[in-house]
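Q: Chain A is already provided as a structure; the job is to place chains B and C on it using the hints.
The residues making up each chain are set out below.
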Amino acid sequence: MVFSSPVSATKIANLIKAKILGNKDSYAKGINEIHKVVEGDICFVDHPKYYDKCLNSPATFIIINTTDVIIPEGKTLLVVDEPFEAYLTIARHFRPFTAQYVAINSTASIGEGTVIMPNVFIGNHVKIGKDCIIYPNVTILDYSEIGNHVIIQSGTVIGGDAFYYNTKKTRDVWYKKMESCGNVIIEDFVEIGASCTIDRGVTASTIIGKGTKMDNMVHIGHDVIVGKNCLFAAQVGIAGATTIEDGVTLWGQVGVSKTLTIGANSVVMAQSGVASSLEANKVYFGYPAEDASIKRRELVWIKRIPELWKKIMD
Amino acid sequence: MVFSSPVSATKIANLIKAKILGNKDSYAKGINEIHKVVEGDICFVDHPKYYDKCLNSPATFIIINTTDVIIPEGKTLLVVDEPFEAYLTIARHFRPFTAQYVAINSTASIGEGTVIMPNVFIGNHVKIGKDCIIYPNVTILDYSEIGNHVIIQSGTVIGGDAFYYNTKKTRDVWYKKMESCGNVIIEDFVEIGASCTIDRGVTASTIIGKGTKMDNMVHIGHDVIVGKNCLFAAQVGIAGATTIEDGVTLWGQVGVSKTLTIGANSVVMAQSGVASSLEANKVYFGYPAEDASIKRRELVWIKRIPELWKKIMD
Amino acid sequence: MVFSSPVSATKIANLIKAKILGNKDSYAKGINEIHKVVEGDICFVDHPKYYDKCLNSPATFIIINTTDVIIPEGKTLLVVDEPFEAYLTIARHFRPFTAQYVAINSTASIGEGTVIMPNVFIGNHVKIGKDCIIYPNVTILDYSEIGNHVIIQSGTVIGGDAFYYNTKKTRDVWYKKMESCGNVIIEDFVEIGASCTIDRGVTASTIIGKGTKMDNMVHIGHDVIVGKNCLFAAQVGIAGATTIEDGVTLWGQVGVSKTLTIGANSVVMAQSGVASSLEANKVYFGYPAEDASIKRRELVWIKRIPELWKKIMD
Numbered sequence: 003m004v005f006s007s008p009v010s011a012t013k014i015a016n017l018i019k020a021k022i023l024g025n026k027d028s029y030a031k032g033i034n035e036i037h038k039v040v041e042g043d044i045c046f047v048d049h050p051k052y053y054d055k056c057l058n059s060p061a062t063f064i065i066i067n068t069t070d071v072i073i074p075e076g077k078t079l080l081v082v083d084e085p086f087e088a089y090l091t092i093a094r095h096f097r098p099f100t101a102q103y104v105a106i107n108s109t110a111s112i113g114e115g116t117v118i119m120p121n122v123f124i125g126n127h128v129k130i131g132k133d134c135i136i137y138p139n140v141t142i143l144d145y146s147e148i149g150n151h152v153i154i155q156s157g158t159v160i161g162g163d164a165f166y167y168n169t170k171k172t173r174d175v176w177y178k179k180m181e182s183c184g185n186v187i188i189e190d191f192v193e194i195g196a197s198c199t200i201d202r203g204v205t206a207s208t209i210i211g212k213g214t215k216m217d218n219m220v221h222i223g224h225d226v227i228v229g230k231n232c233l234f235a236a237q238v239g240i241a242g243a244t245t246i247e248d249g250v251t252l253w254g255q256v257g258v259s260k261t262l263t264i265g266a267n268s269v270v271m272a273q274s275g276v277a278s279s280l281e282a283n284k285v286y287f288g289y290p291a292e293d294a295s296i297k298r299r300e301l302v303w304i305k306r307i308p309e310l311w312k313k314i315m316d
Numbered sequence: 003m004v005f006s007s008p009v010s011a012t013k014i015a016n017l018i019k020a021k022i023l024g025n026k027d028s029y030a031k032g033i034n035e036i037h038k039v040v041e042g043d044i045c046f047v048d049h050p051k052y053y054d055k056c057l058n059s060p061a062t063f064i065i066i067n068t069t070d071v072i073i074p075e076g077k078t079l080l081v082v083d084e085p086f087e088a089y090l091t092i093a094r095h096f097r098p099f100t101a102q103y104v105a106i107n108s109t110a111s112i113g114e115g116t117v118i119m120p121n122v123f124i125g126n127h128v129k130i131g132k133d134c135i136i137y138p139n140v141t142i143l144d145y146s147e148i149g150n151h152v153i154i155q156s157g158t159v160i161g162g163d164a165f166y167y168n169t170k171k172t173r174d175v176w177y178k179k180m181e182s183c184g185n186v187i188i189e190d191f192v193e194i195g196a197s198c199t200i201d202r203g204v205t206a207s208t209i210i211g212k213g214t215k216m217d218n219m220v221h222i223g224h225d226v227i228v229g230k231n232c233l234f235a236a237q238v239g240i241a242g243a244t245t246i247e248d249g250v251t252l253w254g255q256v257g258v259s260k261t262l263t264i265g266a267n268s269v270v271m272a273q274s275g276v277a278s279s280l281e282a283n284k285v286y287f288g289y290p291a292e293d294a295s296i297k298r299r300e301l302v303w304i305k306r307i308p309e310l311w312k313k314i315m316d
Numbered sequence: 003m004v005f006s007s008p009v010s011a012t013k014i015a016n017l018i019k020a021k022i023l024g025n026k027d028s029y030a031k032g033i034n035e036i037h038k039v040v041e042g043d044i045c046f047v048d049h050p051k052y053y054d055k056c057l058n059s060p061a062t063f064i065i066i067n068t069t070d071v072i073i074p075e076g077k078t079l080l081v082v083d084e085p086f087e088a089y090l091t092i093a094r095h096f097r098p099f100t101a102q103y104v105a106i107n108s109t110a111s112i113g114e115g116t117v118i119m120p121n122v123f124i125g126n127h128v129k130i131g132k133d134c135i136i137y138p139n140v141t142i143l144d145y146s147e148i149g150n151h152v153i154i155q156s157g158t159v160i161g162g163d164a165f166y167y168n169t170k171k172t173r174d175v176w177y178k179k180m181e182s183c184g185n186v187i188i189e190d191f192v193e194i195g196a197s198c199t200i201d202r203g204v205t206a207s208t209i210i211g212k213g214t215k216m217d218n219m220v221h222i223g224h225d226v227i228v229g230k231n232c233l234f235a236a237q238v239g240i241a242g243a244t245t246i247e248d249g250v251t252l253w254g255q256v257g258v259s260k261t262l263t264i265g266a267n268s269v270v271m272a273q274s275g276v277a278s279s280l281e282a283n284k285v286y287f288g289y290p291a292e293d294a295s296i297k298r299r300e301l302v303w304i305k306r307i308p309e310l311w312k313k314i315m316d
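Protein chains in written order, with my numbering: chain A, 3 to 316; chain B, 3 to 316; chain C, 3 to 316.
Any given hint could turn out to be false.
Copies of the same chain look alike in the list, so a pair counts if it works inside one copy or between any two.
[To be verified] Straight-line Cα separation of at most 25 Å, BS3-like style, residue types lysine-lysine; simulated pairs: (1) K132 x K178; (2) K284 x K260; (3) K260 x K297.
Just so you know, the hints here were simulated from the structure itself, not pulled from any lab data.
With the rest of the complex left out, here is chain A (with noise of 0.2 Å):
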C-alpha cells in the first residue's frame, strides 16, 4: 500500500506505540510485504531467522521485536513487542474498514460508455473505464481498478479479502487475518466469466494483464500477476502471489500453487496440478504438472505392469 502522502516516522511510531532506532527523519511512502517492498516502505519482521533479510531489503523502515540488532545507513527501526499488530493497526489506520450502506458508492468512478447492470456493489474508490459491461450481482470492492472494454460476468467478485493468516496454535483462535490493505487491478480487454473470485493484493496488487480472458468459477488468489492474453478456462484456481506469464493457457480444473511463475505461452492441460515452476513455451499435464509428452508415456507404462510381472513369471 502507498500512502496518499508521505508519513513521518514519529507519527507512525506513536501510531503503533514503538520505539525508534536509527533515523528518526525520514518519511514512510507506504507499507509492504517483505517480498513486495521499495525504498520508502515499511516493512515488519517477528522471527529473527528472517531479521536479516528485512534489514537488507529495500525498507526504509523496519518494524521489529528486537534492539540487538546493527541497523544499517539511513534506515528506521521501529521496535515493538509484535509486529504483526503493529502492521495491522497502520493496515487499518491507512485502510479502515468502512461499513458501506449504499450499493453504488459516490466515491466510485465509472468511465463513459460503462454499463452497470442492476444488484452491482460497487465499493469505495473504485475506478472502472470506458465500455465496460458489469453485468447483474457483481460485487466490485474498494480500490479496485478496472480498465476500459473489460466485461465482467454476473456473480464475480473482484477484491475480496486475502486468504492469508497469521497462525498461533496456543492461541484459542489459531488463525488470526492478515488485514488486506492492496487491491485488485484489471487491464483492458479483460474479460471475467460467472462467479469468478478474485482477491485482493495483501499490500500489492492483484493484476490481471491486458487481453486475458477467464471462463466461469475461476478463483485467483491475492498479489497474484497474470500476464497479457492468458486464457483460463472454468473451476481453474491459482494460489496467492504467483505469477502466470503473457500468453499461458491453462485448462479446465487445473489447480496452481502459491508463488510459483508459469513461463509465457505454457499451456497446462485439464485438471493438472501445478507444483512448482513452469518453464515458458511447453504442454504439461499431471500432478505433479509434467511435460506433457513424459507424462503420456507414463501412463502407458502403467498400463505394462502386468506384462512386466507375466514376463518374470515365465
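A: Showing chains B and C alone in chain A's frame:
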C-alpha cells in the same frame, strides 16, 4: 428438526393419515434421519432391510410401511403406505416453504456492531451475532445461526437445500427432493470466503466450528460437521454428512466423499480425493488419499517402470 | 438463432456488405454454427480447409471469403473479406446488447405459482413456467426459457456468454469474443443448486433435460445438451458443446471435455476427467476416465512395482 413444542402421537397420525400401533399417548419432540435420531424423535423407514435398525434406534416414533414387526416397549408405530411421503408432509408442515419478498426478513435477529452490506438476503428466523461483517450479495437462508465476529465474503450462500433425493427409476421423474428441515450453525470467529456454499442439514444441523477459516468457492454439503480451527483452501468440496475434526487443513481443490471422518490435525494435500475415513495427525495425498510419503514413493516407482522393463529385457 | 421472421438475401448482404453469388431470391430463417445448421440457415466459414464441409452442410446461405468454389444448386454465397466479422455483425444486429436497468424486465413472462425471491435479475424475453422457486441473488439472462416446477438456488447464473474466442496471435489482443446469440432451455422438474453457471449456446441452445438435478457450483458450458434424469454432484464442470445422455450420474468435481458424448445411464466417479466419449451403461473412473474396474486394477498394479523390482533383483 426439533418442534417448537411437543406434538401428540394422534396429531402426527392425523397429519400423515397413519394407523397408530403401540404407545398412543407419547409426544414427539422432533423428526430426524436414522443416524441422527434421539429419544422423543420421529424417524421413518420404508425398506425391510432397515426395519430393525430403525426400530432399535433411539427414535420413539417410527413411520413404517408394515404392521408385521414387533414393537419395542413404549415405542409408537405410525403405519402408512409411503413413509417417505409422510416424512415430506411432516417436514413441510413444520417448516413450510415461505415465499419471501423482502431482502432482510423481520423475523431475523442481528447483533450489535454487525455490518450488513448492500444486496444481502437474510431469511426468516436467521440469527446473526455481534461484530460480524456480511459482505455484498451474500445469501443467508431461513433458520441459519451465525455466531459473533464472523466474516462472510461476497456471493456466499448459507443454508441452501441439501442435494439429497429419493430415487425411483420407475417414475417419470426419477429423483424426488428430500425436503430439508435442518439448518446451518456457524460458530464464533469463523471466516468464510467469497462464493462459498454451505448447505443446511436435512433434519439436523450443518456446523462450522469456532475459528475455522475458508477460502473462496468452498462447498460444504448438508449435515457436515466441521471442527474448530480448520483451514480450507479454495475450491475444496465436502460431501454430505461427513465429519472434519478440529485443526484439519485441506489444501486447494481437495474433494471429500460423504459420511466419513477426517481425524484431528490432519493435512490433505491439494487436489487429493478423500474416499474413506482418515486417521488423525497425518499428512495425506492422492486419489484415493493415502499417507503422503507412501503416495510420493509410488510416483517415484512409476518413473522406474522403463528401467524395470530394460532390466528384464537384458 | 432463429430470426423472428425470414430475412431476404439482399437484406443480409447489405447488412454485412457482401457480394451475393448463386440464388439471390432466398430468405434466411436463422444463423448457426457449422455443426448446428439446418436448412434455411446462414453459416460462415473462413478457412479453405472447411469450405467443402460448409458448402455441403444443410445451410442455405454461406458467408465465405472466396469466389473460387462451386456453388451447390439453390444455395446462396455471401462473399466478404472477414466472415467472422460478418457473423458478429449479424449476431449483434438480431440480438443487440441491451443495457438493462431494472432487475426484472417487463418483456419477461413468469408463470402462475412461481416465486421470485429478492435480488433476482431476470433479463429480456426470459420465460419462466409455473410453480418454480427462484432463490435470492439468482441471475437469469436474456432469452432463457425455464419450464415448470423448476428450482434454482441462490447465486446461480443462467445464460452467461460462451467462453468461445476467435484467436489471432498477430493482434495486440489475441482473443476476440464470439458473440453468443443462443440461449438456455431448462425443462420441467429440473433442480439447480447454489452458485452454478449455465452458459447459453453460441448460436443454438444449451439444454438441461427434464428431471435433471445438480448440486452446487456446477458449471455447464455453451451448447451442452444434458438429457433427462441426470444427477451432477458439486463442482462438476462440463465444457462446451458436449452431450450427456439420459440418466447419467457425475460425482463430485468431475471434469468433462468439450464436444464429446457420455452414453446413457453411465456413472463417472468423483474427480475423474472425461477426455473422450464414453459408452452407455458403464462405470468410469480416473483421468482420462476409463472403465472403473480396469482403473482400480491399475492402482493395485502400481502398488506392486516394488515387489516386481525385488523379484528382478533376486
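Q: Against the structure shown, which of the earlier numbered hints fail to hold, in ascending order?
A: No hint contradicted; all consistent.
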